[in-house]
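Now for the letters of each chain:
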Amino acid sequence: MLRFLNSRELGVNDPLVFYRAESTRRVLNLGLSEEKSVEKQFTGNVNTLDVDLIEKRYLLAGGADGYIIIYDTFNTSGSVKYTCPSVGTIALNNRHRHKFHVDTVLWYPLDTGMFTSSGTDCLLKVWDTNRLKPADEYQFSGIVYNHHMSPIATRHCLIAVACQSSSVKLVDLKSGSATHGLKGHSKGVYSVKWSPYNEFTLASAGADCKILLWDIRNAKGSLLEFDQYNGKPPENTAGSDCTAHSRPVTGLQFSSDGLWLVSCGIDKMIRVWCTSTGRKTNVDIPLAYPSKKTAQFAVSQGCSNNLIFMPNGKSVDVFDMTTGKLQYALNGHFKQAICCYYHPDYHELYSGGSDRNILVWTSQTHNNHINYIVKKTVKRQKLDTQTLPNTTTSNVEQTVSSATADNWSSDEET
Amino acid sequence: MAELDETVSKQMSGLVELLTTSGKPTLNPEIMKKFKKICRTSDLYVEHGFVLLMSQLEVDHAEVRLSTYQMMDELFVRSHLFRELLLADFDTFLELTAGTDKKKPLPLPKAVANNMKSNVFKSIQIWYNKFGAAYKKLELGYEFLKSFQKVDFDSIQADLELERRQREENERKLEEARQNRLNKIDQEILDTESEIQLSLTVVENGIQLLLPHPDDFCIPMNDEPGTSEILNKCKSCNNIVTDSNITSLNGKYELNSVNKSVAGFCKSCDSRTIEDEFHSKKHKQCSIESEKEYPQSSTSDTKLCDQGYSQEVNQNDSHMDTVNGNNEETNDEEGSDEMSDVEDEDGHDDMEGVDESGMNKEHGYLDPTFSLTISVGPVSNNLEETEDNTDLIQGVREQYRLIKTKFMPMVKKWIQVLEENNAKTEKKTQVAELKTKLEDAMKKCVELEISSFNHRKQEESDSDDDDDDFEDVPDKDGYEEDIPEHIKLEAEMASTSNTTSKGGKKKGGEKKVKRTKKPMNASTKKIKQLAGELVASRRLLDNDDLDSALLKSKTYKSNSHSFQDELDRTNDQHQSQIKLLEQSSSRTQKGKKQSKIYNSPSTSSSIASSPSKASSSKTVKKDITPNDSHSTTTGDSAKKVDCIADDSERKQSLLDRAPVVPYGVDIEHWETPENITVPVKNKFEGASRFWVAEKDETETAGCSEEVASLTRRTMTFVGDFEPVKWKCRAPVGNGKLCERMDRVKCPFHGKIIGRDTNGMPSNPDDFKSNDKVKDEDIVSSSKGKGKGKSTKKSKEKKNKYANLTDIKVKEDTGRKRLEAKIFNRSTLRRVNKVLDNAAMKKLSEKFGNQFNYSLK
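Chains as they are written, first to last, in the working numbering: chain A, 18 to 431; chain B, 23 to 878.
So here's chain A without its partners, still in its complex pose (with noise of 0.2 Å):
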């Protein structure tokens, strides 16, 4: 890091190779913050999350019974310890929330003042998030599985939601009305997203094995089908149909410059695919548990080799997108993990699980210096006083200060 400061210091090297650097650095040392942690309030599973774009600082959840939470992630309160508290609730006592479970959160891209949701209950419902009253109300046929705007729509304000029904839903949010669906799909939609780079392109997934890419503005048909084989289907292969998973696909999300579209599938797997050509990449990465209903996964931003943020059974794998690899896994949800969200700017991982929880991962390279000296200075001092329990002065140490108290404690040895 010293290096790339230097040289940036000097203009040797561009700003971006220092972000670079430095955020992949960080993003593969993501560990259970010690720090950071939020509110616990929920009482069911938490099934999506959602950071708001404009100041990326508002997390939204939702999760089940409706419980829709905000929780500001700024650390304002001037300690290393910080526990993110909710400042906005839909629980129980809200008459408006939805009646099940929130299967989708989205903030609206350029106010906070303004938040989507969809869920169980066939509903898509747009909230005022000051007074936490819907503004308006959207009223599906199935199940609403997911809803996405684009993040970087100017001259559209369309939500897309994927229900049971086989067609992809645009909702109109400036005439409150859906405008029209996208018929390709001959199964209902499991997943849709934006295309972070084009904001007419928005690629959706189905229960028919299908993921199609499509032009909103070409309303006959899907711009292409993304085929598992590339053209060439294995011969004992029945059917001419170009399926993207042998299985359902439940999850979608393109990498943030928007050339790459990863998708996974009950199939048990996650696969890479170029939006540009339509073409599966070699990188076939086998999930164990994936997760039944719409898996909501994160991409990792800014790195030289992106990751892919997996919820898979308790952990939250973590995959290299380019090579497939596992890099490592994130382990600490005692249920099954549900879904993250990665944040851009800290370079942090946040992930929601059915254990209630919503952990925040960030990265722990610095707490691995401080581990380094720690260990160090106590090996000295072991070698010092063999015999001697430092237990009471390491008690000490852990009531004087609580930040530092795990690595002093840590060490000692009877």
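These aren't lab readings, by the way, just hints derived from the structure by calculation. Just so you know, these numbers come straight off a predicted model, no measurement behind them. Heads up, a few of these hints could be off.
What the hints assert, rightly or not - Under the rule of at most 35 Å between Cα atoms (straight-line distance), these lysine-lysine pairs were calculated in the DSBU-like manner: (1) B/LYS450 / B/LYS426; (2) A/LYS57 / B/LYS124; (3) B/LYS139 / A/LYS310; (4) B/LYS446 / B/LYS426; (5) B/LYS139 / A/LYS98.
Unchecked claim - Here are the computed distance ranges between Cβ atoms for each label pair: (6) B/LEU182 / A/GLU154: 45 to 53 Å; (7) B/LEU850 / A/THR60: 32 to 40 Å; (8) A/ASN111 / B/SER140: 37 to 45 Å; (9) A/LYS204 / B/ASN854: 46 to 54 Å.
Stated by the list, open to error - Short derived list, chain A residues pointing at chain B, Cβ under 10 Å: (10) ASN46; (11) LEU49; (12) THR129; (13) LYS331; (14) GLY349; (15) LYS352.
Positions of the beta carbon are idealized from the N, C-alpha and C atoms, including for glycine.
We have chain A already, so just place chain B on it with the hints.
Chain B only, in chain A's frame:
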């Protein structure tokens, strides 16, 4: 990164296996300590240990898991790395130990698993309290358990709190008790310290008086007019004393005469007592030096005076140096060991120097090679107890006794209590000082043999007591003379009267025996009288048949039950003979213990009065039991007689016991049993000429049987029937105890053994053997079903982890057994067959006439 040592890793895995397969609810602390020691050396070993433990935790056996969890708990509390590792896999850990995943229930045995679960929750609570702040994951896990598993951590916390409080309370109580004890001891010390000090001073002073320290010899006698006078008077004799002393040093054989002369001279001195003592003392010294032995018998009192005197002399007269030296030396020799060696040496130096000069002066020749060697012989510290110092010694002795029996144990107890209760060091040192003082005092006493005085005294008294116990039996010969004539006559009369009133007076005679036995000590008079009687009876006899007399005397000492036989046999004997025996017995017992005499005369009298049975005097002789006690004359013939007598007596006793049976065939042909014949049966052969009965083939066989029936005798059992008073009391399936009352062995539960209230064998050995029996039973019973081999084999296989509970063993319930019987394939087939037949019968009855059914 350093490499793991392979041997150490192997050792670690061995330890893990050993610990986890122990099957015990707690870990073996020693092995665990070893394991911890290894883990402590490096984090690498911690990591390795973690891997080992995690893999061990996955074993499907609750006992293994419990032990593994306990090991993990130990390491978790200690190692940071282990904590991190475990917390990284915390959910797995919880799954495996607390059964958080419903799909993966905890393994059998259930009780152990539940125990493990509760223990895990408890220790997680402890961990959380201790490390929760530092380990996020632990906190999360804790919360998870709390919210999802509904683990009542509050109650666990409360329990822990309660435990802690109880522990504290206990500690406080202990501390209180300790304080109380200390206070008590303090009080005791305060109370008795003065007493101890007093007794110590008494001992000290007493010893000081008995045996003063050389430093204390300087008694300023000059101040007293009386003593100075004496001194003046003694002056003249002093010179002589010196002379005599020196001569004694030179010529040893002259000693006695010189000393005597000295003594004689001194006797004439005015200063009577002191000088006398002094010279007698001198005399002793001389003898000591010449003979190099110290049968010292001077009392401390004389010594005291003596020494005081000599000191005085030392001051006054330069010539007296020798005396002084000698004196001191002797003192040293005689006296206590505490006397300083310096003093001793001084004495030697002094003496030698003056010796030489003295010799020069006296004899006028100089022997430069002359050297005087004084070898100090074994020192005897005895103090002679005289009238003068009796009180003193008595006092010291009393104090010694007090110290030994009372203060010493007390102080020892104090020290022990103080040690146990962590008392202050000052207190300890104080008591220790006291102890050393007491020990010193005791040592002194022992060295001066004041204590042994005590013993000697006691011994003396003991021996006196012993003497008292024994009656002084005067010499028989002397005794005989003293017997008055009328007593002799009386004895004669008594014996004749006894014999004449045969049988009837036996009881009375026995009574007499008792009477004489009872008042042992008091009835010496009576004994004497009896002895007198015996002697008298002897006198009356003309012929002195010593042999028979001797024999008889021995029989008297035979034990009572054979004696009874004796009685019967001897009844017939002539009166005079009895008398003879009596007298001889009294003779043989000359000078021996009186108690034996009690018996013999009295028994002889009872013999005389006992009822008679026909038997010759010869048998009596044979019946005599061998006895080596105090026979005055024992020839070879007598020994032989003894031998025969032994046999015959046995025979006699057997005969006495033998039952009387009726006369029969077997007795008739006792010597030739083959001659026994069965009485001939009459067969109806002559009834018809043609109808001849078939030859009985079993005739010959039956012959022997009949013979047997003839010779067989039935004896009725005449012993007492003892009803069985115990029950088997082995636990039975219905929770009760076996009620069978067998004498030795219960047919169901084996040998009858001691059992407690629950029916468990009270003796552990029994327990084991019982188990074995059971096992054997099971094996044999299952062998009957053809399963024995397989069970045995499986047992052997399982032997690897013998300590673990076998979870594969199916519970043996009544239902299982019934199921095995009812759902047996053959049973089912049989039942089905019967049912089918019944159905077929029904069908054929109903539809038998229809052709389609008839096909079946």
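Against the structure, the hints come out as follows:
For the suggested pair B/LYS450 and B/LYS426, the alpha carbons sit about 21 Å apart, so the restraint of at most 35 Å is met. Distance hint between A/LYS57 and B/LYS124 is fulfilled; the C-alpha atoms sit about 24 Å from each other, no more than 35 Å. A threshold of 35 Å between alpha carbons decides the hint, and for B/LYS139 with A/LYS310 the separation of about 33 Å falls inside it, so the pair holds. Between B/LYS446 and B/LYS426, the direct Cα distance comes to roughly 26 Å. Compliance with the 35 Å bound is thereby established for this hinted pair.
Of the supplied pair hints, the one linking B/LYS139 and A/LYS98 holds, its CA atoms being roughly 33 Å apart against a limit of 35 Å. Separated by about 52 Å at the C-beta atoms, B/LEU182 and A/GLU154 satisfy the suggested range of 45 to 53 Å. Between B/LEU850 and A/THR60 the C-beta distance comes to about 55 Å, which lies outside the given range of 32 to 40 Å. Checking the proposed 37 to 45 Å range against A/ASN111 and B/SER140 shows it holds: the Cβ atoms sit about 40 Å from each other.
A beta carbon spacing of about 53 Å between A/LYS204 and B/ASN854 agrees with the range 46 to 54 Å that was offered as a hint. About 15 Å separates the beta-carbon of A/ASN46 from the nearest beta-carbon of chain B, more than 10 Å, and the hint is not met. Satisfaction of the interface hint for A/LEU49 is found here, the shortest Cβ-Cβ separation to chain B being roughly 5 Å, below the 10 Å cut-off. The criterion of a C-beta within 10 Å of any C-beta in chain B is not met by A/THR129, whose closest approach is roughly 29 Å, and the hint is violated.
Hint on A/LYS331 holds. Least Cβ distance to chain B is approximately 6 Å, under the 10 Å limit. Because the closest C-beta pair between A/GLY349 and chain B is about 6 Å apart, less than 10 Å, the hint holds. Interface restraint check for A/LYS352: the shortest CB-CB distance to chain B comes to about 7 Å, inside 10 Å, so the restraint holds.
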